[in-house]
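Protein chains in written order, with our numbering: chain A, 1 to 301; chain U, 1 to 301; chain S, 1 to 301.
Worth flagging that the hints you see were computed from the coordinates, not collected in a lab. It is possible that some hints are incorrect.
[Claimed, not checked] The list that follows gives simulated cross-link-like pairs (lysine-lysine, PhoX-like), each with its CA atoms no further than 25 Å apart:
#	chain 1	residue 1	chain 2	residue 2
1	S	Lys94	A	Lys59
2	U	Lys26	A	Lys94
3	S	Lys59	U	Lys94
4	S	Lys94	U	Lys94
5	A	Lys94	U	Lys275
6	U	Lys294	A	Lys59
7	S	Lys139	S	Lys244
8	A	Lys294	U	Lys59
9	S	Lys26	A	Lys59
10	S	Lys275	S	Lys59
11	S	Lys59	U	Lys294
12	S	Lys294	U	Lys294
13	S	Lys59	S	Lys244
14	A	Lys275	S	Lys8
15	U	Lys59	S	Lys275
[Unchecked claim] Some chain A residues near chain U, calculated using beta-carbon distances under 10 Å:
#	residue
16	Asp13
17	His16
18	Ser40
19	Gln64
20	Glu69
21	Leu88
[Said to hold, decoys possible] The following label-pair restraints were derived from C-beta to C-beta distances:
#	chain 1	residue 1	chain 2	residue 2	range
22	A	Asn27	U	Glu267	53 to 59 Å
23	S	Gly28	U	Asn2	40 to 46 Å
24	A	Asp13	U	Glu267	32 to 38 Å
25	U	Gln108	S	Met1	54 to 60 Å
26	U	Glu102	A	His223	49 to 55 Å
27	A	Glu14	U	Glu14	31 to 37 Å
28	U	Gln108	A	Gly78	55 to 61 Å
29	S	Gly246	A	Gly78	25 to 31 Å
30	U	Ser263	A	Pro194	26 to 32 Å
31	A	Pro67	S	Arg242	46 to 52 Å
32	A	Asn27	S	Leu32	22 to 28 Å
33	S	Ser104	A	Ser263	19 to 25 Å
34	A	Glu14	S	Leu32	48 to 54 Å
No residue lacks a Cβ here, since even glycine has one placed at the ideal position from N, Cα and C.
Residue strings, one per chain:
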Amino acid sequence: MNHLFTIKDLSTDEIHHILTQADRFKNGETWLPSDLVFVSNLFFEASTRTKMSFEIAEKRLGLQVIPFETTTSSTVKGETLYDTVKTLESIGVKLVVIRHPEDSYFSQLVDGINIPILNGGDGSGNHPTQCLLDLLTIKEEFQQFENLTVSIIGDLRHSRVARSNAEALTKLGANVIFSGPEDWFDEEYNRHGPFLPVDEAVMESDVVMLLRIQHERHKETAHLTQEEYHQQYGLTIERYNRMKQGSIVMHPAPVNRDVEIASELIEAPRSRIFKQMENGVYIRMSVIKRALHKGEEGWIG
Amino acid sequence: MNHLFTIKDLSTDEIHHILTQADRFKNGETWLPSDLVFVSNLFFEASTRTKMSFEIAEKRLGLQVIPFETTTSSTVKGETLYDTVKTLESIGVKLVVIRHPEDSYFSQLVDGINIPILNGGDGSGNHPTQCLLDLLTIKEEFQQFENLTVSIIGDLRHSRVARSNAEALTKLGANVIFSGPEDWFDEEYNRHGPFLPVDEAVMESDVVMLLRIQHERHKETAHLTQEEYHQQYGLTIERYNRMKQGSIVMHPAPVNRDVEIASELIEAPRSRIFKQMENGVYIRMSVIKRALHKGEEGWIG
Amino acid sequence: MNHLFTIKDLSTDEIHHILTQADRFKNGETWLPSDLVFVSNLFFEASTRTKMSFEIAEKRLGLQVIPFETTTSSTVKGETLYDTVKTLESIGVKLVVIRHPEDSYFSQLVDGINIPILNGGDGSGNHPTQCLLDLLTIKEEFQQFENLTVSIIGDLRHSRVARSNAEALTKLGANVIFSGPEDWFDEEYNRHGPFLPVDEAVMESDVVMLLRIQHERHKETAHLTQEEYHQQYGLTIERYNRMKQGSIVMHPAPVNRDVEIASELIEAPRSRIFKQMENGVYIRMSVIKRALHKGEEGWIG
Chain A
1 MNHLFTIKDL STDEIHHILT QADRFKNGET WLPSDLVFVS NLFFEASTRT KMSFEIAEKR
61 LGLQVIPFET TTSSTVKGET LYDTVKTLES IGVKLVVIRH PEDSYFSQLV DGINIPILNG
121 GDGSGNHPTQ CLLDLLTIKE EFQQFENLTV SIIGDLRHSR VARSNAEALT KLGANVIFSG
181 PEDWFDEEYN RHGPFLPVDE AVMESDVVML LRIQHERHKE TAHLTQEEYH QQYGLTIERY
241 NRMKQGSIVM HPAPVNRDVE IASELIEAPR SRIFKQMENG VYIRMSVIKR ALHKGEEGWI
301 G
Chain U
1 MNHLFTIKDL STDEIHHILT QADRFKNGET WLPSDLVFVS NLFFEASTRT KMSFEIAEKR
61 LGLQVIPFET TTSSTVKGET LYDTVKTLES IGVKLVVIRH PEDSYFSQLV DGINIPILNG
121 GDGSGNHPTQ CLLDLLTIKE EFQQFENLTV SIIGDLRHSR VARSNAEALT KLGANVIFSG
181 PEDWFDEEYN RHGPFLPVDE AVMESDVVML LRIQHERHKE TAHLTQEEYH QQYGLTIERY
241 NRMKQGSIVM HPAPVNRDVE IASELIEAPR SRIFKQMENG VYIRMSVIKR ALHKGEEGWI
301 G
Chain S
1 MNHLFTIKDL STDEIHHILT QADRFKNGET WLPSDLVFVS NLFFEASTRT KMSFEIAEKR
61 LGLQVIPFET TTSSTVKGET LYDTVKTLES IGVKLVVIRH PEDSYFSQLV DGINIPILNG
121 GDGSGNHPTQ CLLDLLTIKE EFQQFENLTV SIIGDLRHSR VARSNAEALT KLGANVIFSG
181 PEDWFDEEYN RHGPFLPVDE AVMESDVVML LRIQHERHKE TAHLTQEEYH QQYGLTIERY
241 NRMKQGSIVM HPAPVNRDVE IASELIEAPR SRIFKQMENG VYIRMSVIKR ALHKGEEGWI
301 G
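Using the sequences plus the hints, can you model the full thing?
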């Protein structure tokens with residue numbers, strides 16, 4: 001079963017295959033399953049871009065999307081996630097995408113569910129398609145990952161994006177630097193790279209990857225106004241102007257304007273923020289093909 | 001107009017036709033209307049399986065589903081149900097499925113609405129497609145209904161499933177037994193069959209049909225903890241082991257695990273719970289075809 | 001960019017083109033873009049008919065509708081409307097329809113967004129497709145607008161329908177009369193036509209256009225019960241019986257029965273209320289074609 005739960009589950013070969021297939025989709029390659037295939041996107045947390053991006057990917061692949069509404073579904077009646085997914089399997093759904101506030105929600109699904117599950121984000125855990133679209137965006141820019149310096153800056157403790165990206169980037173040969181408020185650093189990152197002051201991190205990086213402050217996840221944003229955060233840890237115009245030649249800025253979005261990044265920079269020349277979203281569609285097409293592909297040969301032709 | 005409001009409205013011939021057509025759909029028969037046909041599912045109560053099952057049935061028949069969101073619709077502005085349905089008719093919707101908390105909501109729609117309405121559940125009243133999918137599941141197992149013994153156990157008073165099934169099963173020749181907490185029994189069931197203790201009912205039945213405790217409908221669940229309910233009235237492993245040879249277990253779902261039924265039994269050999277859901281899609285295809293079919297000849301070819 | 005923000009932005013020629021194309025769609029003309037085209041309907045306010053009408057129009061044109069749920073979207077996380085729309089553009093959405101409670105919300109979108117935006121209603125501002133469907137309904141009835149007398153009656157101050165219609169109808173040569181509670185009149189209407197007592201307005205009009213009392217917009221409905229409002233300003237059966245020969249009644253719906261209009265009159269011979277809804281689909285097809293059409297020649301063939 002080609003589930004996609006975490007980026008850790010993928011070998012570097014698998015990652016490269018997914019990026020290659022995504023790139024081919026971006027260049028016009030098509031792939032359509034021969035049957036009517038029903039899929040459903042179960043988003044138990046707010047999302048615009050991830051959910052809609054999956055939906056567009058699904059429709060580009062000719063899949064039939066069956067809407068699942070968390071506010072009116074039987075989970076309101078206390079149904080377990082397992083029973084909900086098993087229900088969808090029973091009525092003919094062939095693949096589900098799930099975002100859920102609980103870390104590793106998928107561990108309760110592995111046994112018993114016979115359709116592939118793609119993780120669209122679990123609590124503060126993982127967000128593998130976000131990681132993969134970040135990798136595609138970096139690869140498009142620099143062709144390879146070896147010896148690139150990538151700084152990940154901001155709310156490291158609560159970020160599933162940071163966790164997945166740190167893991168994948170070091171595995172692929174990049175050097176990772178962490179920065180932001182020190183009490184948001186997490187010791188688990190020590191094995192991936194050093195924690196540096198923001199100004200240093202920004203100046204040394206090929207890729208400045210900003211993290212969203214998840215106001216909805218923690219109220220203890222800490223002693224700082226948004227303006228203070230921006231001045232101390234955000235990408236200000238001054239810091240942007242000191243970035244290396246050829247370097248780029250990334251952010252998983254939604255952006256808190258003038259907090260993580262100055263509003264004027266969101267569409268600035270180095271910014272790849274909207275390019276990341278565009279790439280997300282092709283990554284999702286790629287992992288869906290990987291999950292649904294049948295037959296003896298490899299899923300990427 | 002081929003509305004489907006209650007199971008009572010159907011003759012035994014009609015019921016058998018619907019089951020036959022559902023069975024044909026299950027075995028690969030297809031039917032597609034020649035035009036672009038718009039349908040809409042108006043669910044004013046929480047639902048996963050019924051709504052999604054209808055949606056899959058509709059898409060298998062090539063229909064275009066127009067989403068209707070109860071939380072953002074004009075019913076929020078106080079529009080009557082009649083005016084909402086008349087609106088859908090005016091903009092070109094050719095069939096609606098409605099679930100509504102009000103008993104017999106459809107009585108206000110019969111006059112004036114010129115498109116077929118399929119009842120997806122009305123208050124504590126009816127749920128005809130649930131009944132039909134239960135019948136299909138029983139027929140698949142035993143080929144006929146005559147002389148079968150079916151026990152319906154649990155929250156009889158609030159269950160639209162119990163009401164429809166008791167009616168239909170006796171009409172089709174089965175013997176029906178009722179069981180569960182005595183204060184949930186309703187005198188109207190007396191004409192269909194006797195009320196027996198749970199242990200007896202379970203042992204005598206070809207079909208043990210458990211009802212969901214509708215926590216969301218009544219708070220007076222009564223003096224019993226969930227564990228006590230399970231021991232006194234639920235399908236425990238002990239009771240399951242005393243079931244007749246060849247007998248099966250059914251439940252309309254969503255299941256309250258370890259209340260109506262022991263968690264381990266949900267996918268046990270005798271359980272048809274997920275099979276029921278699978279059959280629901282074919283039943284809904286069948287009643288939709290019945291509602292939309294045009295022409296002189298019968299709707300089932 | 002063929003946005004549609006307000007009726008004022010359209011020349012009388014453009015209005016006539018849109019009505020002509022809508023009429024052709026109503027008579028069976030088809031138009032399908034050659035590619036897979038994704039569109040999305042962003043409704044930040046309650047709506048049944050406008051949203052579903054757009055959705056049917058989109059599907060009749062072969063477009064792929066990507067659901068956007070305001071309750072679970074990133075706007076909940078504080079994302080700006082600009083960033084949300086830019087996101088949709090980035091992931092491949094080619095047209096958006098927006099309803100938003102803020103007057104002139106589109107002014108923040110004009111710069112930077114590269115896909116057409118159709119206004120589905122902005123605060124108490126505009127509702128151009130409602131206006132256009134009203135015009136189509138009037139034109140179908142009377143073939144032209146010159147010298148027609150149209151009275152607009154009711155909650156003038158809060159009505160985006162009144163504003164757009166008064167503007168368009170006078171531009172097209174009709175005479176407009178206003179009526180209703182005097183403290184709901186707005187001086188800006190003086191340039192379009194006189195304010196008259198209800199009985200006089202109803203008797204003199206070819207078109208009696210009733211406005212919805214927007215309970216959800218203002219609580220100061222003022223000193224009147226619904227019954228009192230109906231007697232003093234509503235279309236009672238007595239007033240209906242005094243209407244001119246050949247005259248018609250319109251209402252943008254949803255209707256407050258027995259407030260703006262007597263319940264029995266909603267489907268009375270002079271009423272065009274459900275016809276308006278039917279026409280809405282064709283108008284929306286027309287403005288969508290106008291927005292998506294490419295090539296050197298005019299959008300209407």
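### Task
Given the range 54 to 60 Å, decide if the beta-carbon distance of Gln108/U to Met1/S lies inside it.
violated, 46 Å
#### Entry: Restraint status (C-alpha distance of Lys294/A to Lys59/U at most 25 Å)
holds, 23 Å
### Query
Taking 25 to 31 Å as the hint, is the beta-carbon distance of Gly246/S and Gly78/A inside that range?
violated, 60 Å
### Straight-line alpha-carbon gap Lys59/U to Lys275/S, limit 25 Å
violated, 28 Å
### Message
Looking only at beta-carbon atoms, does the pair Glu14/A, Leu32/S fall within the given range of 48 to 54 Å?
### Response
About 39 Å separates the Cβ atoms of Glu14/A and Leu32/S, which means 48 to 54 Å is violated.
#### Entry: Proposed interface contact between Gln64/A and chain U, which counts if any beta carbon pair is under 10 Å
holds, 5 Å
### Task
Using the beta carbons of Ser263/U and Pro194/A, state whether their distance is inside 26 to 32 Å or not.
violated, 48 Å
### Task
Please work out if Lys59/S and Lys294/U have their alpha carbons no farther apart than 25 Å.
holds, 23 Å
### Query
Straight-line Cα separation of Lys59/S and Lys244/S no greater than 25 Å?
violated, 39 Å
### Query
Do Glu14/A and Glu14/U keep their Cβ atoms within the hinted range of 31 to 37 Å?
violated, 54 Å
### Query
Range hint 53 to 59 Å: satisfied by the CB atoms of Asn27/A and Glu267/U?
Given a distance of about 45 Å, which is not inside 53 to 59 Å, the answer is violated.
### Message
Lys294/S and Lys294/U were given as a pair; does the straight-line alpha-carbon distance stay at or below 25 Å?
### Response
It is violated: about 40 Å lies between the C-alpha atoms, which goes past 25 Å.
Comparing the model with each numbered hint stated earlier shows that hints 4, 6, 9, 12, 13, 14, 15, 16, 17, 22, 23, 25, 27, 28, 29, 30, 34 do not hold.
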